[in-house]
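Use these hints to put chains B and C onto chain A, whose structure you have.
So the chains spell out like this:
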Amino acid sequence: MNLRRVSAISRKEFIQIIRDPRSLALAIVIPMILIVLFGFALSLDIDNIPLAIWDRDNTRASVDFLLNFKNSKYFQIIGYYDNYRDLQRLIDSGKAMMAMVIEKDFSQDLLSGRPAPVQLILDGSDSNTATIALGYANAVVTQYNTNIILNIMKKYTKENPTPVNLQSRIWFNPDFQSKLFIVPGLIAVIIMIISSLLTSLTVAREWERGTMEQLISTPVRRAELLLGKFLPYFAIGFFDLIMSVLLGVFAFGVPMRGSVILLLILSSVFLTGALTQGMLISIVTKNQRTASQLAILSSFLPTFLLSGFTYEIFNMPKVVQALTFLIPARYYIIILRGIYLKAVGLDVLWRPSLLLCIFAFIIVSVAIRKFKKKIA
Amino acid sequence: MTSIKAVSLTRKFDNITAVDDLSFEVPEGEIFGLVGPDGAGKTTTMRLLTGILEPTSGEGWVYGKHIVKESESLKDNIGYMSQRFGLYEDLTVMENVNFYADIYCVSGNERSDRIEKLLGFSGLTPFKGRLAGKLSGGMKQKLGLACALIHTPKVLFLDEPTNGVDPVSRRDFWKILYNLLKEKVTIFYATSYLDEAERCKRVGLIHKGKMLRCDVPDKIKEEFKAKTLEEAFIKIINEWESHAGK
Amino acid sequence: MPENNTVAVTSLEKKFGNFTAVNRINFEVSGGEIFGFLGPNGAGKSTTIRMLCGIISPTSGSGKVGGFDIIKEQGKIKQNIGYMSQRFSLYDDLTVEENIDFYSGIYRVPKDEKQARKEKIIGLAGLEAFRHRLTSTLSGGWKQRLALGCAIIHKPKIIFLDEPTSGVDPITRNNFWAIIKDMARNGITVFVTTHYMDEAENCGRMALIYKGSIIAMGTPEEMKTKIMKNTVLDIRVAKGEDWLDKIETLKGVEEAALFGVSIHAVVKDERAAIDAIKDIFKRSGLKDYKVTKIKATLEDVFVSLIEDYDKEHDESKKS
Numbered sequence: 001m002n003l004r005r006v007s008a009i010s011r012k013e014f015i016q017i018i019r020d021p022r023s024l025a026l027a028i029v030i031p032m033i034l035i036v037l038f039g040f041a042l043s044l045d046i047d048n049i050p051l052a053i054w055d056r057d058n059t060r061a062s063v064d065f066l067l068n069f070k071n072s073k074y075f076q077i078i079g080y081y082d083n084y085r086d087l088q089r090l091i092d093s094g095k096a097m098m099a100m101v102i103e104k105d106f107s108q109d110l111l112s113g114r115p116a117p118v119q120l121i122l123d124g125s126d127s128n129t130a131t132i133a134l135g136y137a138n139a140v141v142t143q144y145n146t147n148i149i150l151n152i153m154k155k156y157t158k159e160n161p162t163p164v165n166l167q168s169r170i171w172f173n174p175d176f177q178s179k180l181f182i183v184p185g186l187i188a189v190i191i192m193i194i195s196s197l198l199t200s201l202t203v204a205r206e207w208e209r210g211t212m213e214q215l216i217s218t219p220v221r222r223a224e225l226l227l228g229k230f231l232p233y234f235a236i237g238f239f240d241l242i243m244s245v246l247l248g249v250f251a252f253g254v255p256m257r258g259s260v261i262l263l264l265i266l267s268s269v270f271l272t273g274a275l276t277q278g279m280l281i282s283i284v285t286k287n288q289r290t291a292s293q294l295a296i297l298s299s300f301l302p303t304f305l306l307s308g309f310t311y312e313i314f315n316m317p318k319v320v321q322a323l324t325f326l327i328p329a330r331y332y333i334i335i336l337r338g339i340y341l342k343a344v345g346l347d348v349l350w351r352p353s354l355l356l357c358i359f360a361f362i363i364v365s366v367a368i369r370k371f372k373k374k375i376a
Numbered sequence: 001m002t003s004i005k006a007v008s009l010t011r012k013f014d015n016i017t018a019v020d021d022l023s024f025e026v027p028e029g030e031i032f033g034l035v036g037p038d039g040a041g042k043t044t045t046m047r048l049l050t051g052i053l054e055p056t057s058g059e060g061w062v063y064g065k066h067i068v069k070e071s072e073s074l075k076d077n078i079g080y081m082s083q084r085f086g087l088y089e090d091l092t093v094m095e096n097v098n099f100y101a102d103i104y105c106v107s108g109n110e111r112s113d114r115i116e117k118l119l120g121f122s123g124l125t126p127f128k129g130r131l132a133g134k135l136s137g138g139m140k141q142k143l144g145l146a147c148a149l150i151h152t153p154k155v156l157f158l159d160e161p162t163n164g165v166d167p168v169s170r171r172d173f174w175k176i177l178y179n180l181l182k183e184k185v186t187i188f189y190a191t192s193y194l195d196e197a198e199r200c201k202r203v204g205l206i207h208k209g210k211m212l213r214c215d216v217p218d219k220i221k222e223e224f225k226a227k228t229l230e231e232a233f234i235k236i237i238n239e240w241e242s243h244a245g246k
Numbered sequence: 001m002p003e004n005n006t007v008a009v010t011s012l013e014k015k016f017g018n019f020t021a022v023n024r025i026n027f028e029v030s031g032g033e034i035f036g037f038l039g040p041n042g043a044g045k046s047t048t049i050r051m052l053c054g055i056i057s058p059t060s061g062s063g064k065v066g067g068f069d070i071i072k073e074q075g076k077i078k079q080n081i082g083y084m085s086q087r088f089s090l091y092d093d094l095t096v097e098e099n100i101d102f103y104s105g106i107y108r109v110p111k112d113e114k115q116a117r118k119e120k121i122i123g124l125a126g127l128e129a130f131r132h133r134l135t136s137t138l139s140g141g142w143k144q145r146l147a148l149g150c151a152i153i154h155k156p157k158i159i160f161l162d163e164p165t166s167g168v169d170p171i172t173r174n175n176f177w178a179i180i181k182d183m184a185r186n187g188i189t190v191f192v193t194t195h196y197m198d199e200a201e202n203c204g205r206m207a208l209i210y211k212g213s214i215i216a217m218g219t220p221e222e223m224k225t226k227i228m229k230n231t232v233l234d235i236r237v238a239k240g241e242d243w244l245d246k247i248e249t250l251k252g253v254e255e256a257a258l259f260g261v262s263i264h265a266v267v268k269d270e271r272a273a274i275d276a277i278k279d280i281f282k283r284s285g286l287k288d289y290k291v292t293k294i295k296a297t298l299e300d301v302f303v304s305l306i307e308d309y310d311k312e313h314d315e316s317k318k319s
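From first to last, the protein sequence lines are chains A, B and C.
Under my numbering, residue 376 is the last one in the first sequence; the count climbs by one each step, no gaps.
Under my numbering, residue 246 is the last one in the second sequence; the count climbs by one each step, no gaps.
Under my numbering, residue 319 is the last one in the third sequence; the count climbs by one each step, no gaps.
The shape of chain A in the complex, shown without the other chains:
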């Protein structure tokens, strides 16, 4: 390995990146935009569900009941109405997600011990959000019911009954803020896509422009050529990584609880695999357009869908679960979330870290083997 040749190739590659505004934008600006966009848009938190109310009973009991919704941070009462048409209009236009109708005999039914029906109308077009909203509504109603029962029992027994009291404590993300969970995963997705996309052009471009033919007629070695091409992109990828981490901490308030050094070391391993994956695609296709399409396809889809970033792996069918073992981002996301939120070290993360190293090693060896200093 001749370091002079390596540095000559790196320098050349670097100049080419600097002189091409498009590749520079792809390398620096796009990742930042992606993380900001995704970070804000991909929120799974639901609060302030807009709720419209028609209280046909309008007694103390019904107002008391509604107070529970009013005091919940999950609901936002947008107004009181007195007919179905208004409610329907609000749900149709999306101004209200939920409408609640309290029947005329609510308080009477309640007092005489009959079931007191409350009608809940829910916009189910976004099933995920609707399910969560329904869950919240159920919780509020259950709480209300429990209170009633407790009060009645108190009357009869003159004692304070104590039902089971679930004392839950939530670790790592006590407020269930989804961004704490999403941002580390997002870093993995972005690094994977950008890295493999960046390098997917580098070898193919030289074949297309005819510069590779000149280069392979020189004594330069395969490993020198590939390492030389790898280094500048590694620098860019590393820069993107640091920017993403900083954005995560300062723009999204995601705490960095674990070891930064460990994070950077393991990220480098992941970055190496991702960059080389792009380069391998470039080596095999020898065509920029095919290479970039293939790079997006092979990085974006698996990383987005199968890494555990958007969908929980334990929810997937067994066959698909088996497939996720082949996705390096799966391990990287475990590592990122582990270090970020749980502040764990290699003693816990050794298994995904090892697998990440194995993946990088395999892809680098395949890339070197596949690159030939021959025309055909």
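Certain hints may be false.
In silico DMTMM-like links for lysine to aspartate or glutamate, alpha-carbon gap of 20 angstroms or less [stated by the list, open to error]: (1) B/K184 <-> C/E299; (2) C/K157 <-> C/E33; (3) A/K372 <-> B/E54; (4) A/K374 <-> B/E59; (5) B/K175 <-> C/D308; (6) C/K268 <-> C/D234; (7) B/K175 <-> C/E248; (8) A/K374 <-> B/E72; (9) B/K175 <-> C/E307; (10) C/K211 <-> C/D314; (11) B/K184 <-> C/D245; (12) C/K239 <-> B/E30; (13) B/K221 <-> C/D198; (14) C/K111 <-> C/D101; (15) A/K374 <-> B/D76; (16) A/K374 <-> B/E231; (17) A/K286 <-> B/E54; (18) C/K290 <-> B/D218; (19) A/K370 <-> B/E54; (20) C/K157 <-> C/E28; (21) B/K227 <-> C/E299; (22) B/K128 <-> B/D76; (23) A/K374 <-> B/D14; (24) B/K154 <-> C/E241; (25) C/K295 <-> B/E231; (26) B/K235 <-> C/D198; (27) C/K268 <-> C/D288; (28) B/K154 <-> B/E30; (29) C/K181 <-> B/E54; (30) A/K374 <-> A/E224; (31) C/K293 <-> B/D218; (32) C/K295 <-> B/D218; (33) B/K227 <-> C/E13; (34) B/K175 <-> C/E33; (35) C/K295 <-> B/E230; (36) B/K219 <-> C/D234.
Hints were generated in silico from the structure; no laboratory data involved.
From a predicted model like this one, the values you see are computed outputs, not experimental measurements.
Positioned in the frame of chain A, the structure of chains B and C alone reads:
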């Protein structure tokens, strides 16, 4: 000393035989012209001899190195200019030259002397800072030549270097080649222009992958009572085609 | 309307900003003539041809093509000439026939003539076997002939060919010129640009344009005799490359180059140069050599003319 030697060199692509049983020798310090129409097999021959393409059968040596078994060490001794401009258009003249100087590990005083000399006689010194893509056709070819010569190769392979270059630049280009002959560099020159082939010491006429004639231009012209090589060449091909037809 | 197939320009000039691409040129081309317009890249060839075809307007000067004014009647010119550009404006994803059909539509070839015209062009270009082939799969030579066919679909009386043979091998070029000569015999005027000087031998008359100006004009024979002021000597000597420098630096020798086993020297004064050459051989005791005068090639002529022009203009700049 023999600088280039080919023995039954053959290369097939699927069903097409691009280079068909070529055998020839080029002595050291000679300028040899490989002449033929487009698709005759000139570029394939070049690629075989420069070790960037493997032959289907046959053997070859360039400056004593076997083109298959020693294809990497062979590359220390050769300079190659491919048919398409092989340098980086988004790099400046100087950046390209420095890049290739590094690739060939040319260093120290030798490096700066060599660069100065090459840029000097190719007339590129005033354009050091210009992007290679912004050079004229003739200038690009001279830059390609300068980069292929940076490590003082023993054998120089040029694949249609003056294609699309105007006559004045073409003459300048040839002047540089003459200077190289004085340094005993062997030049292997592929071209489809027969007026240019007249400048070579010996020429090999290649057609459909086969070497139809290999001799001194004057002898070929005499043999076919032709005024120019072009005339002789057309006669040779027509004669061969009528034989092949039978 | 009388058939007019001549070209004539007076003081034709084209400027792009401060740059004069074409500098007040004058020439005439008579009917049925093959007129070569030669010069290095960037000399002004394409700019001139575009002005003549009515694609761009001149900065000043005037000209007529086929009797139509190149400034006022650009539309009529386009209907009456054929133009084949350097890059063969063909559609790669159409077949040979579809390309021809497209151009006959563009030139509004009458419906009842379309088929006959198409067959004639396919025959002329020898494209019979390739009718339904995609143009992208044709080799350079066939594309060139197809492009020529498309340029003459409307039976123009004048055709303009802009570097029609660039990147085409000698045999294909030979065939191409055979077609061109045949067209000229049938009374079509051919205006062709090229930077391959050996090709210029095929022209009836030619003009050499350099840095926007026409610096010489005449038949190939006139170019090589009357216009060429220098003489070319063939010096046959062993190890020519060792003598090249010495001969090139002799006084009166403009240029020296190796040609196979001999050296070609372009000299100002034939007698003086021969004496000087013989002198250096004599001094090193060499007897086995031969110096003969040979006919200049067109390339020799052009290079000499261009070098003379550069020298003159450098001097006039200095003084």
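Results for each hint:
| no. | hint | verdict |
| --- | --- | --- |
| 1 | B/K184 <-> C/E299 | 28 angstroms, violated |
| 2 | C/K157 <-> C/E33 | 11 angstroms, holds |
| 3 | A/K372 <-> B/E54 | 11 angstroms, holds |
| 4 | A/K374 <-> B/E59 | 17 angstroms, holds |
| 5 | B/K175 <-> C/D308 | 18 angstroms, holds |
| 6 | C/K268 <-> C/D234 | 14 angstroms, holds |
| 7 | B/K175 <-> C/E248 | 11 angstroms, holds |
| 8 | A/K374 <-> B/E72 | 11 angstroms, holds |
| 9 | B/K175 <-> C/E307 | 15 angstroms, holds |
| 10 | C/K211 <-> C/D314 | 13 angstroms, holds |
| 11 | B/K184 <-> C/D245 | 15 angstroms, holds |
| 12 | C/K239 <-> B/E30 | 10 angstroms, holds |
| 13 | B/K221 <-> C/D198 | 17 angstroms, holds |
| 14 | C/K111 <-> C/D101 | 11 angstroms, holds |
| 15 | A/K374 <-> B/D76 | 16 angstroms, holds |
| 16 | A/K374 <-> B/E231 | 37 angstroms, violated |
| 17 | A/K286 <-> B/E54 | 19 angstroms, holds |
| 18 | C/K290 <-> B/D218 | 15 angstroms, holds |
| 19 | A/K370 <-> B/E54 | 16 angstroms, holds |
| 20 | C/K157 <-> C/E28 | 16 angstroms, holds |
| 21 | B/K227 <-> C/E299 | 16 angstroms, holds |
| 22 | B/K128 <-> B/D76 | 26 angstroms, violated |
| 23 | A/K374 <-> B/D14 | 17 angstroms, holds |
| 24 | B/K154 <-> C/E241 | 17 angstroms, holds |
| 25 | C/K295 <-> B/E231 | 17 angstroms, holds |
| 26 | B/K235 <-> C/D198 | 18 angstroms, holds |
| 27 | C/K268 <-> C/D288 | 25 angstroms, violated |
| 28 | B/K154 <-> B/E30 | 11 angstroms, holds |
| 29 | C/K181 <-> B/E54 | 44 angstroms, violated |
| 30 | A/K374 <-> A/E224 | 16 angstroms, holds |
| 31 | C/K293 <-> B/D218 | 17 angstroms, holds |
| 32 | C/K295 <-> B/D218 | 16 angstroms, holds |
| 33 | B/K227 <-> C/E13 | 41 angstroms, violated |
| 34 | B/K175 <-> C/E33 | 37 angstroms, violated |
| 35 | C/K295 <-> B/E230 | 17 angstroms, holds |
| 36 | B/K219 <-> C/D234 | 16 angstroms, holds |
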